[in-house]
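The listed protein sequences correspond, in order, to chains A and B. Take any residue in the first sequence, note its place counting from 1, add 2, and you have its number in our numbering. Take any residue in the second sequence, note its place counting from 1, add 27, and you have its number in our numbering.
Rather than coming from a laboratory, the hints here were simulated on the basis of the structure. No false leads were slipped in.
Here are the simulated EDC-like pairs of lysine to aspartate or glutamate, each with C-alpha atoms no more than 16 Å apart in a straight line: (1) B:K220 <-> B:D76; (2) B:K193 <-> A:E152; (3) B:K213 <-> B:D96; (4) B:K220 <-> B:E82; (5) B:K193 <-> A:E155; (6) B:K181 <-> B:D128.
Single-letter residue listing:
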Amino acid sequence: MRYGCLAACALLLGALSGCATYSNSFGAVQRSLAAQNYDDALQELEKQADTKTDRVLYLLNKGTVLRMKRDFSGSNAALEAAKAEMARLYAVSISENTLSYIVNDATVSYAGDDYERVLVHLYMALNYLELGQLAEARVEALQADISLRELAESIPGSKFTEDALTRYLSGMIYEELGEWSDAMIAYRKAYQAYRKYQANYATEIPDMLKLDLVRLATRQGLKKEAEGYRREFGVMSAQEEEGALPEQGGELVFVLSNGLAPIKREHIVAASGPQPAVVMGASGDGRRRAAAPVFVNIALPYYESRPAEVLKARVSISGKRTDTQLMENIDAIARASLDARMPAITARSIARAVSKVAIQQSVDRIGRNNDNDLAVELLGSLFVRVAAIATERADTRSWLTLPANVQMARVAVPPGRYTVTVELLGDGERVIAAREYADVVISEQRKTYLTQHWVPRPVKPEGVRK
Amino acid sequence: MMLGASCKSKLTVWIVMAMLLATVGCSTKVTRMDAGEVQDLSGAWNDTDSQQVSEEMVRDVLERPWFNDFTRAQNRQPAVIVGEVVNLSHEHINVNTFVADVERALINSGKVQFVASSTERREIREERKDQDLHASEDTRKPMGQEKGADFMLKGSINTIIDASGKTQLRFYQVDLTLISLADNRKVWLGQKKIKKLVERSNLRF
Numbered sequence: 003m004r005y006g007c008l009a010a011c012a013l014l015l016g017a018l019s020g021c022a023t024y025s026n027s028f029g030a031v032q033r034s035l036a037a038q039n040y041d042d043a044l045q046e047l048e049k050q051a052d053t054k055t056d057r058v059l060y061l062l063n064k065g066t067v068l069r070m071k072r073d074f075s076g077s078n079a080a081l082e083a084a085k086a087e088m089a090r091l092y093a094v095s096i097s098e099n100t101l102s103y104i105v106n107d108a109t110v111s112y113a114g115d116d117y118e119r120v121l122v123h124l125y126m127a128l129n130y131l132e133l134g135q136l137a138e139a140r141v142e143a144l145q146a147d148i149s150l151r152e153l154a155e156s157i158p159g160s161k162f163t164e165d166a167l168t169r170y171l172s173g174m175i176y177e178e179l180g181e182w183s184d185a186m187i188a189y190r191k192a193y194q195a196y197r198k199y200q201a202n203y204a205t206e207i208p209d210m211l212k213l214d215l216v217r218l219a220t221r222q223g224l225k226k227e228a229e230g231y232r233r234e235f236g237v238m239s240a241q242e243e244e245g246a247l248p249e250q251g252g253e254l255v256f257v258l259s260n261g262l263a264p265i266k267r268e269h270i271v272a273a274s275g276p277q278p279a280v281v282m283g284a285s286g287d288g289r290r291r292a293a294a295p296v297f298v299n300i301a302l303p304y305y306e307s308r309p310a311e312v313l314k315a316r317v318s319i320s321g322k323r324t325d326t327q328l329m330e331n332i333d334a335i336a337r338a339s340l341d342a343r344m345p346a347i348t349a350r351s352i353a354r355a356v357s358k359v360a361i362q363q364s365v366d367r368i369g370r371n372n373d374n375d376l377a378v379e380l381l382g383s384l385f386v387r388v389a390a391i392a393t394e395r396a397d398t399r400s401w402l403t404l405p406a407n408v409q410m411a412r413v414a415v416p417p418g419r420y421t422v423t424v425e426l427l428g429d430g431e432r433v434i435a436a437r438e439y440a441d442v443v444i445s446e447q448r449k450t451y452l453t454q455h456w457v458p459r460p461v462k463p464e465g466v467r468k
Numbered sequence: 028m029m030l031g032a033s034c035k036s037k038l039t040v041w042i043v044m045a046m047l048l049a050t051v052g053c054s055t056k057v058t059r060m061d062a063g064e065v066q067d068l069s070g071a072w073n074d075t076d077s078q079q080v081s082e083e084m085v086r087d088v089l090e091r092p093w094f095n096d097f098t099r100a101q102n103r104q105p106a107v108i109v110g111e112v113v114n115l116s117h118e119h120i121n122v123n124t125f126v127a128d129v130e131r132a133l134i135n136s137g138k139v140q141f142v143a144s145s146t147e148r149r150e151i152r153e154e155r156k157d158q159d160l161h162a163s164e165d166t167r168k169p170m171g172q173e174k175g176a177d178f179m180l181k182g183s184i185n186t187i188i189d190a191s192g193k194t195q196l197r198f199y200q201v202d203l204t205l206i207s208l209a210d211n212r213k214v215w216l217g218q219k220k221i222k223k224l225v226e227r228s229n230l231r232f
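Looking at chain B on its own, in the form it has when it is part of the complex:
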């Protein structure tokens, strides 16, 4: 009986203290949160996905028959250019990093040659024009000597979301196509799927 009473009064003291804290909390500001905090909860597309997909895609593209067909017929390495990879997903995916990952994996394979993209080319042409006026005869690079690409790599990133309550199924599908610039033939289609089950917590402290 006595014990019960003291427990109860202790509880009351705690509640009173909580109320006191809350009154104080109104005037003083408490915690600071990092704005750049990374959320692993969200399960969004990240650098790991980008690297995984690009590496697997490149491994696949170099194993396929188009590569041997081309080298046999032309007796040289194919020159490839990366065109647009369209983001059709529900996330603000930075497609540029994905494209950079693909380019890096392709160049490092040593099996294909790479040609600068159209925006890069424009900048380089400006530089050549400038060289024409200002560079010395023996270092000047002539115009009209650019290497044309044989194939263009294009693609898209798609998502399908299925959600129910706190569970969400995220399905990413990356499609890449290699198109022959000479005759618009599609010589290779690559597809990589990533499935993520995101379960959100219902409670936090």
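Just chain A, same shape as in the assembly:
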């Protein structure tokens, strides 16, 4: 009876105290973003500015929100700081990792998932491109290449060793700078990465890449390779001509960051209740009593996709209309990444549960051996149980302001000043939102980049603990 009461107290305290997981605190930010109140969202994010272990996430989110606000220089400053912090966290912390075996995984500083480390470069490159600083965007393309090479070397079996969109954008940057052979290599790598994407994340090879491969291979005199691509993709010469840029023309590149990446939630896999009472004799002093039940739970993260209303965007410029194509499915990449990490996360949780059981049993033993007041003994036992349950939280941290997917459209237009209309289309081509960009300047033989991030309203009230 006494233990039943104790158990109830412990559970109650466990539910009341403890702290919300990382992802639960994101609801307010998402609401501000959906309402396009970027300043409110930034203010909300500033609350996390002082966190020691989540600093990378704070900087990444700040960088993304500043991008949405179209403050590209500010965004780059934040993302650059995030990069530096990630580099610092390359070294594994002994103290944090030791703590993670007793408390939870969130005690370890978040250094970014593999795909997040690469996407920082992608977003910084896009920032520089929108600022018109092509040479700086090229620097990001080179850094992304180094990160990707490092990834491929460190985790050979991983699904995510190449980032197709980053490779493709690198190719576009090199091509605009007139570095044809570098562009060709980047397009080839993008093509190989998309073939892996097809198998792993059901993302098709975008048509624009097919045309780029054929066009550039032909330009470089790689006749056999160009012929191979033509056969494989079934590219007709009419299509090629349509896709080719007129000598004097410029190009609009529209990039849609659609929705929000999946969010990690916590789910309690196992909560061990009272164990069968075991008669414990403490060196035969006659005080025989049933052992106090031990409480542990295992909390594991899982990804919850955030509903995407918008399926694609339609870009209209000077009477031409083009629909965006899916370039990168971040939702699928994030899920695959967590799946790959799950065995390690689970193993750590179990190890933690074992250490928590050991702590509870030894606190009970100390209490009994010390001939203390029963109240003191119970208080100690109660405390470790509450602590054991309250501290077991899943690590639900991830870069939450990333989009669910990235789409792109390219339109060739003669140089000039244009008004670009972007319509976001949902099911059955229903227009969900439309936006006009006035005074978009297209220059001769240059690409003009325009990006937009669409954030849907949160469907259910967040901040509710599961």
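We have chain A; now place chain B onto it with these hints.
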């Protein structure tokens, strides 16, 4: 036996305290980090590199035969202008500070004359136009009296990165070319290489 037991209980107390601290840590925020903290770990291009390279390059450029050839033929100091130095490296190098370092080293050598760059010239021309309208006769500077440069200094900064695990070999190569504006002749090619071995630590506290 007794000692062992007390050690064990001490350990338990420590672990319990750690758990307690962690529970508290959830609600209170702990340390503040300086955002402008300099990272020497990274081994990136820095002001020291920029100064070293510019000084060595300038010393080299002034020792070469083109300088004496020119002064002998023209009987005056050559006028030089710094053109674009392209950043082809994998780092966001501020090329302007490097160019400023080169200019400073060249001017301070006292051996060459320096001409303002095209953006600077535009601003100065505006000022002269303004003087034409507003300045007094005796202080007014006439147009068409600019000194044309004889040579243009152009260049690029390149990097090659070789990485394996926690070790990274960074190779910086700075190329500068001096081109004669009269006939596009390249009169001097300078090259400076910097090699850095960056070893990242695997562990931190």
